[in-house]
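Residues in the sequence shown are numbered from 1 upward in steps of one, following the working numbering.
Calculated from the structure, these hints are not laboratory results.
Bear in mind the structure is a predicted one, so any value in this text is a computation, not a measurement.
Heads up, some of the hints might be wrong.
Unchecked claim - When the alpha-carbon atoms are kept at most 20 Å apart in a straight line, the in silico DMTMM-like pairs for lysine to aspartate or glutamate are as follows:
{"#": "1", "residue 1": "Lys435", "residue 2": "Glu364"}
{"#": "2", "residue 1": "Lys399", "residue 2": "Asp465"}
{"#": "3", "residue 1": "Lys100", "residue 2": "Glu410"}
{"#": "4", "residue 1": "Lys412", "residue 2": "Asp384"}
{"#": "5", "residue 1": "Lys479", "residue 2": "Asp439"}
{"#": "6", "residue 1": "Lys254", "residue 2": "Glu303"}
What the hints assert, rightly or not - Estimated spans, in silico, between C-beta atoms of each pair:
{"#": "7", "residue 1": "Ala98", "residue 2": "Arg34", "range": "27 to 37 Å"}
{"#": "8", "residue 1": "Asp199", "residue 2": "Asp220", "range": "24 to 34 Å"}
{"#": "9", "residue 1": "Leu159", "residue 2": "Lys253", "range": "26 to 36 Å"}
{"#": "10", "residue 1": "Asp84", "residue 2": "Ile344", "range": "13 to 23 Å"}
For each residue, glycine too, the CB sits at the ideal point set by N, CA and C.
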Amino acid sequence: MAEQRCQSCHAFPEPDLLDKESWERYVLPTMGYRLGLYHRDSGKAEGIRSEFIESGRAGELVLQANVFPAAPTISATDFQKITDYYLSTAPASPLAPATKPLISPVLPLFQPYFPDLPFRPASTTLVKIDPATQQLYVGSAQQNNLMVLDSQGKLKSTLALNQVPSDFLVQPAGSYVLNIGSFFPSDSPAGTLTFYPTDQQEPQTILKGLQRPVQAQFADLNEDNNPDILVCEFGNQTGSLSWYETPKNQPAKKHILKNAPGAARAYVQDLNDDRQPDIIALMAQGNEGIFIFYNEGQGRFREEQVLRFAPSMGSSYFELIDFNQDGYSDILYTAGDNADFAPIQKRYHGIRLYLNNGRNSFTEAFFFPQNGAYKATAADFDKDGDLDIASIAFFARFKENPAESFIYLENKGNYSFTASTFRGSNRGRWLTLDKGDIDADGDIDLILGSFVLKTKLATDQQNQDWAANGPVAVILENKIR
1 MAEQRCQSCH AFPEPDLLDK ESWERYVLPT MGYRLGLYHR DSGKAEGIRS
51 EFIESGRAGE LVLQANVFPA APTISATDFQ KITDYYLSTA PASPLAPATK
101 PLISPVLPLF QPYFPDLPFR PASTTLVKID PATQQLYVGS AQQNNLMVLD
151 SQGKLKSTLA LNQVPSDFLV QPAGSYVLNI GSFFPSDSPA GTLTFYPTDQ
201 QEPQTILKGL QRPVQAQFAD LNEDNNPDIL VCEFGNQTGS LSWYETPKNQ
251 PAKKHILKNA PGAARAYVQD LNDDRQPDII ALMAQGNEGI FIFYNEGQGR
301 FREEQVLRFA PSMGSSYFEL IDFNQDGYSD ILYTAGDNAD FAPIQKRYHG
351 IRLYLNNGRN SFTEAFFFPQ NGAYKATAAD FDKDGDLDIA SIAFFARFKE
401 NPAESFIYLE NKGNYSFTAS TFRGSNRGRW LTLDKGDIDA DGDIDLILGS
451 FVLKTKLATD QQNQDWAANG PVAVILENKI R
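Generate the whole structure from the sequences, applying the supplied hints.
Put into C-alpha cells, the structure is as follows:
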C-alpha cells in the first residue's frame, strides 16, 4: 500500500532514508495533510489546514492546485497502515555514510581573498563573474542591492534594487536582474525580471508575477527569431518551469512546461541532434529528478524524466557538462538541501556524476559524500587536461566537520579524486558560487558567497562568529599561472 500511494506522486521513499523520529514528527503528518488528513479531532482540521495556506494570491494558488485537500483522499485506516509500516521499519537513528572521506586542510592551488565589504551579517544570494570585464557581481538580500567589484574584490559601484536578486544576466544593451520576491518559502507571485539599460534610462519590468524565480535565460525556443525567456519558478507548494514569449509591443505570453514546484536549474541544448533547442531541468521538490523537454517544433515540448530521486534527497543543483569528454553531456549533481525539517545527517547527501551513454540514459559513475552539498561546478582548474570539481555545502555539519563547507576534488583519473579545502573556509556559510577567469591569466578562479542563517548544525560560537565577522564573499584566485 505504501508503494502504491507514495509512487503516485514521487519515487518510493525507503524507510531507512530517515530515522523513526523524522518519519513520526514531520514526514508522515505532512503526507497526511497532502492526503486531506489533518487531525483526529475533526473540529481542528480546518484550522490546521489553514496554517499551510498563505493569505492573498499565494493562498489562492495553493487552493487552486488542491495541495491540501479539504476532504480525505485516503481512509484513516489505510493511512494508519502506512504509518505503522514506516515506524516499524525505520531505524532509530539516521544511518551513517558508508565512508567518511579525508579532506586535506591545505589547498595551494587557490589563494583566498576576502573582499572588505562592511555588511553584517552576510546575506549573499548570488555571485557572478564576468570575464569580459573582469568584474564581479554580488547580490545581497539584506541590502537589496547588487554590488559591482573589480578583479581585486574592491567595491566599484552599487545598484539599488529594493528587491532580492537571485540571478543576473549581462547583455550588450544592459543587464537583467531576476528578483526572487521572497527568499524564504512562499507561494507569493512577487518575483520579477527587470532590465537595467546601460544608458541609465529607467529600469523596465520585463516579467512579473513570478513565483520565487531562481534562474532566467534567453533562448529562441519556438524558433521564430525572437528571444524567449526560460524561467525556473521554484515556488514553494506551487511553482513551475515555464517559458515566456516576448513579442514586440505585446505582453509576454507564459507557456508552462511543468506545473510543479522546485524548478531549480535548467539548460537549453540540442540533446537529440535534431537541430532544435531542447530543455533539461532539475526539479527539487516532491517528485525530485532531472527532466528533459524535447522540442517538437512550434513551441511544443515532450517531457521525459531521465533521473528520479527520493523525495528526501534534497536536490540542490546540477551542471550539464561533458565530464568524460566523449562528446555527450553528462550531469554533475548535488543533493544537500536540509531545510524542510530537523537537519539530520543523510548518508546520501553529496556530489554525484551521471554519465550519458549517448542516448540520454544516465548512469551514476561517482559519488562523494558531502553533508549539505549545495552547488558543485567542474572545470580543469589545475590545467592537466581533465575536469576537477569545486563544491560548497550550505548545510554542512559545521560542528563535526567544518572543512566540508567547501571541497575541491582534484581529478586523479578513473573517477578517483583527492579532497582538500582552503584555510578560512569555515569563516562563511557558503550559499552560492561561480567560476571564471577573474584576472585574465588563463586559468579558472572561483568566488563564493555567504548567507548567514543561524543553524543547529553549527555551535553557538560558530553562529556568533558568522553574524559578527563573517565575510560577504571570498575570491579563490587560481595560482596555477
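Checked hints:
1. With a CA separation close to 24 Å, the supplied pair Lys435 and Glu364 exceeds the 20 Å bound.
2. For the proposed pair Lys399 and Asp465, the alpha carbon gap of about 13 Å is at most 20 Å, so the pair holds.
3. Restraint check: the Cα-Cα separation between Lys100 and Glu410 comes to about 17 Å, which is no more than 20 Å; the hinted pair holds.
4. Among the hinted pairs, Lys412 with Asp384 is consistent with the structure: their alpha-carbon atoms are about 10 Å apart, no more than 20 Å.
5. Of the supplied pair hints, the one linking Lys479 and Asp439 holds, its CA atoms being roughly 11 Å apart against a limit of 20 Å.
6. Using a Cα cut-off of 20 Å, the hinted pair Lys254 and Glu303 holds, with the two alpha carbons roughly 17 Å apart.
7. For the pair Ala98 and Arg34, the supplied restraint of 27 to 37 Å holds, since their beta-carbon distance comes to about 32 Å.
8. A beta carbon spacing of about 25 Å between Asp199 and Asp220 agrees with the range 24 to 34 Å that was offered as a hint.
9. Separated by about 29 Å at the C-beta atoms, Leu159 and Lys253 satisfy the suggested range of 26 to 36 Å.
10. As the Cβ distance of Asp84 to Ile344 is approximately 22 Å, the hint placing it in 13 to 23 Å holds.
Hint 1 from the list above is the single one not met by this structure.
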